[in-house]
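Novice: Given next are the chains, with one letter for each unit.
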Amino acid sequence: MIAGPLLLLILPLAMGGIVYILRRWLFPLSALLSAGTAVLLGIAVVTLPLDQPVSAWGGRQIAMGETVTLLGRELVFEQSDRMAMAFLFFAAAGLFLLAWRFAPKTLLFPIGLGLLSLLCGALLIRPLIYSILLIEIAAALSVFALQVEGQGATRGGIRYLTFTTLALPGILVTHWLLERYAVTPDATELLDQASVLLAISFALLLGVVPFHTWVISVADDSVPLAGAFVLAIGNGAVWFLLLDFLEAYPWLGSHPLFGSLVSAAGLVMVIVGAIFTPTQRRFGGLMGYAALLDSGAALIALGMNSQLGVALVLLSLSVRPFGLILLAAGLSGLRARNGGANDLDSLRGLGWQAPWSTVALVFGSLSMAGLPVSAGFAWRWALCRTLAPSDLGTALVLLLAGLSVMAGVWRGLSSLLMRPRSAEDRSVIPMEPSEGWLTAVVVVVAVAASVGVGLFPQYVAPLADRLAAAYTFFLN
Amino acid sequence: MPTLVELVERVSFLAAMPAVAGILVTAGLLVVNREWRLSVIALTVQYFFVALLLTRQIRLELAAVKGLIGWLICMVFYMTERQASVLQQPTVDDGAPPAQRWRRWVMSARSSFSLLAVFLVAVAAYAGTLRFPLPEALFPGDITLACYLLAGLGLLQIGLGESPVQVGFGLLTFLSGFDLGYVALEPSLAVAGLLGAVSLLITLAAAYLRTAQATAGEGGVP
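Residue numbers (my numbering), protein chains in the order written: chain A, 820 to 1295; chain B, 538 to 759.
Source of the hints: derived by calculation from the structure; they are not laboratory data.
Every residue, glycine too, gets a C-beta built ideally from N, C-alpha and C.
Each hint can be trusted.
Partial list, computed: chain A residues near chain B (C-beta under 10 Å):
1) Glu-955
2) Glu-968
3) Gly-969
4) Gly-971
5) Gly-976
6) Ile-977
7) Leu-987
8) Pro-988
9) Glu-998
Beta-carbon label-pair distances, calculated as ranges:
10) B:Ser-622 / A:Ala-1160: 25 to 31 Å
11) B:Leu-657 / A:Ala-1160: 37 to 43 Å
12) A:Glu-968 / B:Ser-622: 18 to 24 Å
13) B:Gly-678 / A:Ile-1094: 46 to 52 Å
14) B:Ser-645 / A:Tyr-839: 42 to 48 Å
15) A:Ala-1259 / B:Gln-626: 44 to 50 Å
Here are some chain B residues pointing at chain A (derived, C-beta under 7 Å):
16) Ile-695
17) Ala-727
18) Ile-739
19) Ala-742
20) Ala-749
All chains should be built: construct the whole structure from the sequences, respecting the hints.
Specialist: In structure tokens:
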């Protein structure tokens, strides 16, 4: 019998090794194998029952719900982990599929599979405190994927690693404080100390202002799709971890300052994102600030201290990959034709040579801005509508922030689509785009998925609602 | 041949304030100095002193393993920098005219500033030990001071570091400070192993970035 948690840990790791060997000679196959593995595991996580083993190949049985002890720590796969795991695997599959066309020769595939294994481990391990060690190992591993091959050391990886390392002590020491509190329940100051440590650690991990510099560096100075992996999937896992912490330690969520502190932190992130997005002269920076803004909006939702707020956070997590991955794929396509530069001046007129990259970039940006006909709209509009009756100011700030992201994108687009002025220059633009039909198909499918979620949110929102029901910390 | 226990007993007189002083000097050198050979030696000696202090907190064998992991890390940095200096031979120090070589041993304005910052952090760590002592039952005063020094100087190194290797030194120094304190709280082998794995992966990541820097022809200060 194969225990489910072990399967989720070992299969991606083993496939990562195979993909690493294959990528030297058969990189399309390695990309498709990566995407296939992620899809397969996503389907297994969603469909296989937890309470009874099922027969798989060769008469072997898989028991998804079986608890495994590894190095003295338990790996527990619970009902609430299902959607989190499904999110990780399906988002990674989408990213691998786009990376197949836009960044086929990067280390993203083997490292991405390794990261999936570690992030799953972080969500499954009990006590939860030890998950930070796996997140830290994942951060160190992601440095290899974030580094652009053939270029000097990029800042994104080392900054990400630095901030994750700084978050490590706080969460580990919390475990000791809580053990002491269990022995001496009168010492409530221990809970206060634990709350402060957890707040600082999660602020570092989520890139809350003023600890946000790693978010911008990861987006601006690294392989764009690897940056999207960290910001959408890695950060998504941290969000799920935060929700697990709130569920495991309900006193955190019921702290009198919790709602106001989290909302204020989120609002500051939204304002910083809104101010700096339109001033960016590089698409990478724009992606970073847009991601910061989106995280801030999710914190505002969490600060509502309600079940609806949790559902909105989960909705935001499920739609964020659409925007970030499309934006990063578009940026990858454009950078590949431009020697790696991503500033607006060097991308001038490139939209005509790489139309599908431009399409991906525009629709990804639309989603990150939360504007209509995009996946991001589904959750941002729901948040604004929920906030408007009680906090009109914050709702207006969110709407204006979305427009400010669009202003930045518009500026970039005007540079991308600049037409050559002289007839001599005009001949430089090829009549046929240099991106193949396969790239066009992949981009069209991804854009259609994003638009589909934006147009029919009624199919995604109930999933977020159902998942939110697993978290009861605001109900007590 | 003397056993490990006998060897440790011979140097056990160092496992108190002398080790803390050694940590201050080595961590300070890592911040002030930019010569990679000296930095690697400083890190090696720092891991020796940390392992020595760890023998008072945990079993000798476990402390020895942590020390060995530290020295393995130093080996990785040494080999990376050797490789990088070969790749950069025409542009960096070895190619400089003999008349300019002495300059690297003279204290620059940056080094003077770093030294002042090290002094301030050391004072803050000492004040912190007196004002916010860690639980006396688990942490004697000198170990608390060593933890604060390592964490503070590690953070300073991260802030002032210009290259991936310098930031790596800072992260490892910071983690050493945390590890020195945390082993008393959580002595489990699994956590010790995972923290060792974290340190090794940080080293490999920093070494990878340093190699990329050298291959791309960027000077970078090791």
